[in-house]
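Peer 1: Please construct the entire structure, taking both the sequences and the accompanying hints into account.
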Amino acid sequence: MAILDVHNIEKHFGSTRVLEDISFSLEKGQSLAIIGSSGSGKTTLLRCLNFLEKPDQGSIAVNGNVIFDASDPATQRESEVRKKRLHFGMVFQSFNLFPQYTALKNVTLAKELLSQERPDFKQNKKAILDEIQAEGEALLAKMGLAERCNHYPSQLSGGQQQRVAIARALALHPDILCFDEPTSALDPELTGEVLKVIRSLAEQKTTMIIVTHEMAFARDVADEVIFMDGGVIVEKGPAREVIEHPREERTRQFLSRYADAN
Amino acid sequence: MIEFFTSDTFQTVLAALNSGFLKTLQIFFFTLVGALPLGLVISFGSMSRFTPLRWVTRTVVWAIRGTPLVLQIIALFYVPGIQKWFTWPSGESGRMTAVCVAFIINYACYFSEIYRGGIQGVPKGQQEAGQVLGMTKSQIFFHITLLQMIKRIVPPMSNEIITLVKDTSLARVIALQEVIWMGESFMKGNSGISGLVWPLFFTAVYYLVFSGIVTMLLGKLERKLAFFQ
Amino acid sequence: MNKKLLSLALAGALGLSLTACGGGTTSQPSTNPSTQPSDAQESAAQTESDLQYVKDKGTLVVGITYFEPMDYKAEGSDEWIGFDADMAKEFAESLGVSVEFQEITWDYKVEELNSKAIDCVWNGMTLTDEVLSAMGTSNPYCTNYQVLVYSSDKAADFEGLTSLEGLNVAVESGSAGEDAAVALGATTVPVQSQANTLMEVAAGTSDAAVIDVLMAAAMTGEGTSYADLSYSLNLNDAQGLESEEYGVGFRQGSDLVDAFNSFWADEVASGSALEIATTYGLQDAVILE
Chain W
1 MAILDVHNIE
11 KHFGSTRVLE
21 DISFSLEKGQ
31 SLAIIGSSGS
41 GKTTLLRCLN
51 FLEKPDQGSI
61 AVNGNVIFDA
71 SDPATQRESE
81 VRKKRLHFGM
91 VFQSFNLFPQ
101 YTALKNVTLA
111 KELLSQERPD
121 FKQNKKAILD
131 EIQAEGEALL
141 AKMGLAERCN
151 HYPSQLSGGQ
161 QQRVAIARAL
171 ALHPDILCFD
181 EPTSALDPEL
191 TGEVLKVIRS
201 LAEQKTTMII
211 VTHEMAFARD
221 VADEVIFMDG
231 GVIVEKGPAR
241 EVIEHPREER
251 TRQFLSRYAD
261 AN
Chain A
1 MIEFFTSDTF
11 QTVLAALNSG
21 FLKTLQIFFF
31 TLVGALPLGL
41 VISFGSMSRF
51 TPLRWVTRTV
61 VWAIRGTPLV
71 LQIIALFYVP
81 GIQKWFTWPS
91 GESGRMTAVC
101 VAFIINYACY
111 FSEIYRGGIQ
121 GVPKGQQEAG
131 QVLGMTKSQI
141 FFHITLLQMI
151 KRIVPPMSNE
161 IITLVKDTSL
171 ARVIALQEVI
181 WMGESFMKGN
191 SGISGLVWPL
201 FFTAVYYLVF
211 SGIVTMLLGK
221 LERKLAFFQ
Chain P
1 MNKKLLSLAL
11 AGALGLSLTA
21 CGGGTTSQPS
31 TNPSTQPSDA
41 QESAAQTESD
51 LQYVKDKGTL
61 VVGITYFEPM
71 DYKAEGSDEW
81 IGFDADMAKE
91 FAESLGVSVE
101 FQEITWDYKV
111 EELNSKAIDC
121 VWNGMTLTDE
131 VLSAMGTSNP
141 YCTNYQVLVY
151 SSDKAADFEG
161 LTSLEGLNVA
171 VESGSAGEDA
181 AVALGATTVP
191 VQSQANTLME
201 VAAGTSDAAV
211 IDVLMAAAMT
221 GEGTSYADLS
231 YSLNLNDAQG
241 LESEEYGVGF
251 RQGSDLVDAF
261 NSFWADEVAS
271 GSALEIATTY
281 GLQDAVILE
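Residue numbers (my numbering), protein chains in the order written: chain W, 1 to 262; chain A, 1 to 229; chain P, 1 to 289.
Just so you know, the hints here were simulated from the structure itself, not pulled from any lab data.
Since the structure is predicted, the reported quantities are computational estimates derived from the model, not experimental observations.
Any given hint might turn out to be false.
Unchecked claim - Taking lysine-lysine and the PhoX-like style, the derived pairs with C-alpha atoms no more than 25 Å apart in a straight line are:
{"hint": "1", "chain 1": "W", "residue 1": "LYS105", "chain 2": "A", "residue 2": "LYS124"}
{"hint": "2", "chain 1": "W", "residue 1": "LYS84", "chain 2": "W", "residue 2": "LYS205"}
{"hint": "3", "chain 1": "P", "residue 1": "LYS57", "chain 2": "A", "residue 2": "LYS84"}
{"hint": "4", "chain 1": "W", "residue 1": "LYS84", "chain 2": "A", "residue 2": "LYS137"}
{"hint": "5", "chain 1": "A", "residue 1": "LYS124", "chain 2": "W", "residue 2": "LYS83"}
{"hint": "6", "chain 1": "W", "residue 1": "LYS236", "chain 2": "W", "residue 2": "LYS205"}
{"hint": "7", "chain 1": "A", "residue 1": "LYS137", "chain 2": "W", "residue 2": "LYS125"}
{"hint": "8", "chain 1": "A", "residue 1": "LYS124", "chain 2": "W", "residue 2": "LYS54"}
{"hint": "9", "chain 1": "W", "residue 1": "LYS205", "chain 2": "W", "residue 2": "LYS83"}
{"hint": "10", "chain 1": "W", "residue 1": "LYS83", "chain 2": "W", "residue 2": "LYS105"}
{"hint": "11", "chain 1": "A", "residue 1": "LYS84", "chain 2": "P", "residue 2": "LYS55"}
{"hint": "12", "chain 1": "W", "residue 1": "LYS54", "chain 2": "W", "residue 2": "LYS84"}
{"hint": "13", "chain 1": "A", "residue 1": "LYS137", "chain 2": "W", "residue 2": "LYS122"}
{"hint": "14", "chain 1": "W", "residue 1": "LYS83", "chain 2": "A", "residue 2": "LYS137"}
{"hint": "15", "chain 1": "A", "residue 1": "LYS124", "chain 2": "W", "residue 2": "LYS84"}
{"hint": "16", "chain 1": "W", "residue 1": "LYS28", "chain 2": "W", "residue 2": "LYS205"}
Stated by the list, open to error - A few chain P residues that don't get close to chain A, going by computed Cβ distances all over 12 Å:
{"hint": "17", "residue": "GLY96"}
{"hint": "18", "residue": "VAL131"}
{"hint": "19", "residue": "ASP153"}
As the list claims (entries may be wrong) - Sample of chain A residues at the chain P side, in silico, Cβ under 7 Å:
{"hint": "20", "residue": "TYR78"}
{"hint": "21", "residue": "GLY81"}
{"hint": "22", "residue": "THR87"}
{"hint": "23", "residue": "LYS188"}
{"hint": "24", "residue": "GLY189"}
{"hint": "25", "residue": "SER191"}
{"hint": "26", "residue": "GLY192"}
{"hint": "27", "residue": "SER194"}
Note that CB positions come from ideal geometry on N, CA and C, so glycine has one too.
Peer 2: Structure (C-alpha cells):
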C-alpha cells in the first residue's frame, strides 16, 4: 500500500490557478523528485502537503487514512492539523533555523515541547529530556556536525545550516521528508555537502519528496520523477527514464536547458 | 562652594527635590509595568484578522497618539468627577493613579506600534518552521517569535523609554508634585524659601543621571541580545 | 455656558481615551455616593448634602496654592500655616473631620471642585464675578486690593500712573489682578501663580506685576526674598472700584457655605478670628462684622 496518496489537488491564489488536478502516490522507502521551472507550482504543492497552504479541492491520505479532504471541514480543524503535520518533515530553501538557539537546540526544541504533552512528563522529566538531547546530538553527528552542536546559526556556513535544518526535520521521525529546493540558496561549492546527506538518506530508504533544480542529482538519487508545468503534472515516471528519455515535448524543452550543465 | 552644598537652604531644596523625584520614579515604573504588557495586547488587536477589532484598535491608537498626553491627563482626572461617573481617591494617591492610568494608556499605544513593527519584522519563515514542527501558536510566539521581536524592538523602545523619563513632568498639570513642580515651588515659595530659580534647573541633574542609568541598562540588554542575528 | 462646552470637549476626549482599553483600565475609583444623572450636573449638590458627604468621608480637602501670608510653610517645616490654613484647620475641627491641604493648579480650581478632587478653595480668593458665578461662595472675610509691583530702582517711572498702557505686566492667569491689568490697558503676561509674577519682575522679563496687596506686603521689600521690589498704586482706586473681598469657594449649592458662615460668625464673636489674623499681620484686613 502506498504511504502517500494525493488526489485531485487544486489551488487558487485569488483568480490565479496555481495547481490543477494534481494526483500521485508514493511508496514507503521511495524518493520522489519534483522538477519544473519557477512558477510551475511545485513549491506550492509541497506547502500544501505540509498544511502551509490549504488546497481548494482534493484530498491527501497517509497510510490509507485521509488526513485532508477539501470537502470535509472536520479534517481541517486547527488542533488536528497540528498532529497531522507530523507525518511530514519540511526542509526549507532558506533553512529558517531559529537564530536564537544553538544548532542542537534547533534540533531538539520541537521534540521537547511535544514531550510536555506526554502523561509521564512530570515524573520522568529529566530522563525524557536527556534522551531527546542525546538523540539530537546523534542526529547532528550523522550530519557531520558533531563539533557544531553549540554553535548558533549565524556562526555556521549555509551548507552547515541546511544540514542542521535536515537534522531538525528528522528529529520528529516524519513518515515523509520534504525538501523545498534545499540547495538553491547555497553557494555552488556548498551544495555538495547537502546533496551528499540527502543521498545517504535515500540509501537508507527514507521516504522523501524533493523539489529540486539539480537534474543529475534527481536522476541518480530519486526513484520517481514528476515534471510540472503551469500547475499541472506533465509527466511522471521512473527517474532515469523521465530525465533521459522524456516522452513529452514540454519535458524535453525544459530538460534541454539543463543539458549544458550536465 | 562647599559652604553652599552644606547650607540649610541646599539641604532643604535637596530634600524637596528628592521627594519630588520619588514621584517621578513612581510614574515611570508604574507606566512601564502597565504599558509594556498592555501594548502587546493592543498590538495583537491591531493585527487581528477580525476586521472590526483591527479597525477599532487602530482608530483608538490613532486618537491617543494624535492628541497631547497633557490633554489626556487633564481629561482623565477632571471629567469623571464633573460628569459624576466616579471620583478619584482624594489626595496625592488619586492624582497619582489618574496620571499613571493616562500614561499607561498613552504609552501602551506607542509601544503597540513598536511591537507590531517588531512582530511583523520577524520573517514569516520562522513561523512556518515552527508550524511544520507541530508547535502551537502560543509555543511559536513564546519560543520563537518573542525573543527575535524583543531584539528588534529594543532600539526603538529605548527611545520611547527615555522620552518617558522626561514626559513624567507633564503630571504637574494636575498638581502632582513631581520633581519639576518641586523645583518650581522655590520660585513662588516653599518652606519659607522663595525667589530661587536654581532648584528648577537643578532638577536637570536628576533627569540626566536617571536617563543615563536607563540608557546604560538598555544598552546592556542590547548587547546581551547580540549573541544571535 | 463656556464651562459646559469645556466639559463636553473634555468628556469627548476622555471617551476616546477610555475606549482605548474598553474602559477596563480606569483602576479602583472610589465610589461616588451621589450618582445623579449627568444633566443634573451643577445642581447635584443641592439635592444631596455636601456637608454630609464631607462628614462621611471624614476629611475636608482644602485646595490651595502657595500664598504668603494665607497658605504657606515656615522655613524648615512641612506644615501648612497662614491665616487661611489656620482657619481651615479650625473649620475642619468644628465639622469633626480632619483637614487635608491639596496644592492645585489655579486655572483648574473650578474643575477641581466639581470633580470632587477638593472640597473648597480657601486661598485668599478674590470674589470676582467669575468666581461668584462658578462656585458657592462664603460671606467675605478679608478685604484686599490689587497693587502694582516693580523694581525699586525704577520706582519713579511708576509713581502716579493711571494707565498701564505700553507695559508688559505679569499676572497670575485667571486672577483678579489679571482683570485689573487688562482693564488698565496693560499687555499681560499670564503665569502660573502670583508668586511667579514676582520672579518675572525680578528677572526683568516683565516690567511690573499685579498681585494682591496682602502678598505684596508679605513678599516684597526689605527682609523678604524680593528685597529689590516695591509696590504702590491701588489699582482698584485707579479703576474707580471698591476694594476686593476674599471669600471661600465651595461647590455650587453646597450646604457647606452655610456651615462656614455660621462657623465664621462664631470665630468672630469669640475673638479667635482677630487673634489669628493678628498673628499674620492681617488685623486691618480681616472683616469683623
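Peer 1: Give a verdict on every hint.
Peer 2: We went through each hint and held it up to the structure:
Between LYS105(W) and LYS124(A), the direct Cα distance comes to roughly 20 Å. Compliance with the 25 Å bound is thereby established for this hinted pair. Between LYS84(W) and LYS205(W) the CA atoms are separated by roughly 22 Å; this keeps the pair inside 25 Å, and the hint holds. A threshold of 25 Å between alpha carbons decides the hint, and for LYS57(P) with LYS84(A) the separation of about 17 Å falls inside it, so the pair holds. For the hint pairing LYS84(W) with LYS137(A), the CA-to-CA distance comes to about 15 Å; that is within 25 Å, so the pair holds.
Taking the CA atoms of LYS124(A) and LYS83(W), the gap is near 21 Å; set against the 25 Å cutoff, the hint holds. A hinted pair counts as satisfied when its Cα atoms are at most 25 Å apart, and LYS236(W) with LYS205(W) qualifies at roughly 20 Å. For a cut-off of 25 Å, the pair hint linking LYS137(A) to LYS125(W) stands: about 23 Å separates their Cα positions. Between LYS124(A) and LYS54(W) the alpha-carbon distance is near 17 Å, which keeps this suggested pair within the 25 Å criterion.
For the proposed pair LYS205(W) and LYS83(W), the alpha carbon gap of about 24 Å is at most 25 Å, so the pair holds. For the hint pairing LYS83(W) with LYS105(W), the CA-to-CA distance comes to about 21 Å; that is within 25 Å, so the pair holds. Straight-line distance between C-alpha atoms of LYS84(A) and LYS55(P) comes to about 19 Å, which keeps the hinted pair within the 25 Å bound. For the proposed pair LYS54(W) and LYS84(W), the alpha carbon gap of about 13 Å is at most 25 Å, so the pair holds.
A threshold of 25 Å between alpha carbons decides the hint, and for LYS137(A) with LYS122(W) the separation of about 23 Å falls inside it, so the pair holds. Between LYS83(W) and LYS137(A) the alpha-carbon distance is near 13 Å, which keeps this suggested pair within the 25 Å criterion. For the suggested pair LYS124(A) and LYS84(W), the alpha carbons sit about 21 Å apart, so the restraint of at most 25 Å is met. Using a Cα cut-off of 25 Å, the hinted pair LYS28(W) and LYS205(W) holds, with the two alpha carbons roughly 8 Å apart.
GLY96(P), annotated as away from the interface, keeps every beta carbon of chain A farther than 12 Å; the closest lies near 17 Å. Residue-level check passed: VAL131(P) sits 17 Å from the nearest beta carbon of chain A, beyond 12 Å. For ASP153(P), the requirement that its beta carbon stay farther than 12 Å from each beta carbon of chain A is met, with the minimum near 17 Å. This hint holds: TYR78(A) has a C-beta 4 Å from the nearest C-beta of chain P, less than the 7 Å allowed.
Hint status for GLY81(A): holds, given a least beta-carbon distance of 3 Å to chain P, under 7 Å. Because the smallest distance between the Cβ of THR87(A) and any Cβ of chain P comes to about 4 Å, under 7 Å, the interface hint for this residue holds. Because the closest C-beta pair between LYS188(A) and chain P is about 3 Å apart, less than 7 Å, the hint holds. Of the supplied interface hints, the one on GLY189(A) holds, with its beta-carbon coming within about 5 Å of a beta-carbon of chain P, less than 7 Å.
Interface hint status for SER191(A): upheld, as the beta-carbon distance to the closest one in chain P is roughly 5 Å, under 7 Å. The criterion of a C-beta within 7 Å of any C-beta in chain P is met by GLY192(A), whose closest approach is roughly 3 Å, and the hint holds. With 7 Å as the threshold, the beta carbon of SER194(A) comes within range of chain P, its nearest partner Cβ sitting at about 4 Å, so the hint holds.
The structure meets every hint from the earlier list without exception.
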